[in-house]
Structure formats: C-alpha cells, structure tokens
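So the chains spell out like this:
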Amino acid sequence: MALREEERDGAGGQDVLRRAGDASVLILTSLAGGSKHGYALIKDIKAFAGVELGPGTLYGALDRLERLDLIEALPAEDRRHPYRITPAGVTALRAHLDSIERVRVTGRLRLGLGGV
Amino acid sequence: MRLVQTSLRCYPQRWRSRHGEEAAELATLLMRDGTPARSIAWSYLKGAASTRLVLQPRRRLGAALGALLAAACSLGVSLALLSSSVPASAANHRPSHEGRHCVARGTARSSASISTRVTVKKPASNSTGSGHGQHC
Chain A
1 MALREEERDG
11 AGGQDVLRRA
21 GDASVLILTS
31 LAGGSKHGYA
41 LIKDIKAFAG
51 VELGPGTLYG
61 ALDRLERLDL
71 IEALPAEDRR
81 HPYRITPAGV
91 TALRAHLDSI
101 ERVRVTGRLR
111 LGLGGV
Chain Z
1001 MRLVQTSLRC
1011 YPQRWRSRHG
1021 EEAAELATLL
1031 MRDGTPARSI
1041 AWSYLKGAAS
1051 TRLVLQPRRR
1061 LGAALGALLA
1071 AACSLGVSLA
1081 LLSSSVPASA
1091 ANHRPSHEGR
1101 HCVARGTARS
1111 SASISTRVTV
1121 KKPASNSTGS
1131 GHGQHC
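Respectively, the protein sequence lines represent chains A and Z. Residue numbers for the first sequence follow the numbering used here, so the first one is 1 and each next one is one higher. Residue numbers for the second sequence follow the numbering used here, so the first one is 1001 and each next one is one higher.
For the record, the hints were derived by calculation from the structure and aren't laboratory data. Be careful, since some hints might not be right.
List of simulated lysine to aspartate or glutamate pairs, EDC-like, C-alpha gap at most 16 angstroms [said to hold, decoys possible]:
#1 A:K36 <-> A:E101
#2 Z:K1046 <-> A:E66
#3 A:K43 <-> Z:D1033
#4 A:K43 <-> Z:E1021
#5 A:K46 <-> A:D78
#6 A:K36 <-> A:E66
#7 A:K43 <-> A:E72
#8 A:K36 <-> Z:E1022
#9 A:K36 <-> A:D63
#10 A:K46 <-> Z:D1033
#11 A:K36 <-> A:E77
Cβ pair distances, simulated, as ranges [unchecked claim]:
#12 Z:T1006 <-> A:V90: 31 to 41 angstroms
#13 Z:A1071 <-> A:A32: 41 to 51 angstroms
#14 Z:A1071 <-> A:V103: 34 to 44 angstroms
#15 Z:S1078 <-> A:E101: 29 to 39 angstroms
Using N, Cα and C, we set each Cβ at its ideal position, and we do this for glycine too.
Construct the entire structure; sequences and hints are all you get.
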C-alpha cells in the first residue's frame, strides 16, 4: 500500500497540492513563469486557463501557499507584493502535474481516445 | 467602492495590515476592467469568512465543541420530552399485559420469581383490572 501511495505521488514526493484547491494550482502554474503581483496573476490565469479568480479567492490561496512555503512574497513595489514560487513550490507543482498526467493518460486510454 | 471597503473590513486586523491596501487597489483595477463591485465585494466577503476560520483554529474548535454540546443537549431535551409525553396508562399497561394476560397460567404459577416481579411492577391503576378476562 505504501508503495502504491509512493507511485501515485510520483518520484518527487507527496502531492501536497491534491487538497489545496484549483486556485492554488493555477497560481503556482502562473508563478512558474515568473514572479507576479495579484492583478497580474488574475490576468495571467484568465489568459492561460480561462478562469477569472475572484480577489478573495486569490488572497486566500496566496495565504495558503505561503503558509505551505510553496511561494514567498517579495518586497512591496508601489503597495503591491509580488509573489515568487519557491523550490518547494516547484517540486509540489511538478508532483501534482505528474499526478494529473497519469489521470489524463488513463482516462484517454479507457475512453479509447488515443493520443497518449 | 464603499461596498468593497466594507467587505475588506470583515478581514482580521492582521490580514488587513498586510494585504488591505493592496486588496483595495486590486479592487479598483478590477472595477476599471469592468468587474462589478458587487462581485468583488462578495469574493472578499467569502475570503474574509474563510480567513477567519483558518486564522483562528482555536475558535473553530470551540465552535465545533459548542455545536456538539448544543446538539447533545437538544437531543437530551427531546428525549426527555418524548418520555414525559407518553401517557401513564400506556406505561402501566405493558407489565400487566405481559404478566397477567399473556403468560400461560401454569407457567406463571410455576415461576415464583416472575409472579413476584409482576406484582412489584403492578401499578396502582384502575385499568389493570378491567378487561382481564376478555384479553385471554
């Protein structure tokens, strides 16, 4: 059972983002492209995912990710705090994307869609 | 904007001192882009509620314990009310029915303990005597 858990979580370790919510994954994905502040995050996420995060959701997810040490706030620039993904955040995002990838491959195989 | 400011006031002081100005500025930018102030305020309200729950786990634990206690108390009260609402004649009917009417006479007489128990449970009610022969 422990082996299966390890396999599912990937070689990079536990998928800590599994229960962090979609907003956290979207924010980490956005920050993987470079540090951003709140407004830039909302715009970028809308551009690549078509999801418009509410500001309350955004700050909730930012606080959660900061508590988990997956992102860090940089010194404020004109009242805005840019955020940056940490090495732990990169690892967590990679593990989560691997997990999603396995689900995607399995789903496509079972639906006979190919393209695996 | 006043609506947004009001919703931002719902956040804990610690949060406001850190994100307050930035959040207000973000709201201004979003409104400039065409996002309705009402939806921004609603988003901040929801965020404030969840932030309060996360930042104050002791209070959350206390609230959960309080809810459990209240549920237990209300259950106890309802049970007490239910038991008190059962008529006395109904409560008295059962032992007299089991002991006097339905147990075969031979069995009842052969077992002294049963008859003793029945005698003890026999309530001082005038319903026990009525209809004795009809049931059996």
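To see whether the hints hold, each was checked on the structure:
no.: 1; hint: A:K36 <-> A:E101; in the structure: violated (26 angstroms)
no.: 2; hint: Z:K1046 <-> A:E66; in the structure: violated (19 angstroms)
no.: 3; hint: A:K43 <-> Z:D1033; in the structure: holds (11 angstroms)
no.: 4; hint: A:K43 <-> Z:E1021; in the structure: violated (19 angstroms)
no.: 5; hint: A:K46 <-> A:D78; in the structure: violated (24 angstroms)
no.: 6; hint: A:K36 <-> A:E66; in the structure: holds (14 angstroms)
no.: 7; hint: A:K43 <-> A:E72; in the structure: violated (20 angstroms)
no.: 8; hint: A:K36 <-> Z:E1022; in the structure: holds (13 angstroms)
no.: 9; hint: A:K36 <-> A:D63; in the structure: holds (15 angstroms)
no.: 10; hint: A:K46 <-> Z:D1033; in the structure: holds (13 angstroms)
no.: 11; hint: A:K36 <-> A:E77; in the structure: holds (11 angstroms)
no.: 12; hint: Z:T1006 <-> A:V90: 31 to 41 angstroms; in the structure: holds (39 angstroms)
no.: 13; hint: Z:A1071 <-> A:A32: 41 to 51 angstroms; in the structure: holds (46 angstroms)
no.: 14; hint: Z:A1071 <-> A:V103: 34 to 44 angstroms; in the structure: holds (39 angstroms)
no.: 15; hint: Z:S1078 <-> A:E101: 29 to 39 angstroms; in the structure: violated (53 angstroms)
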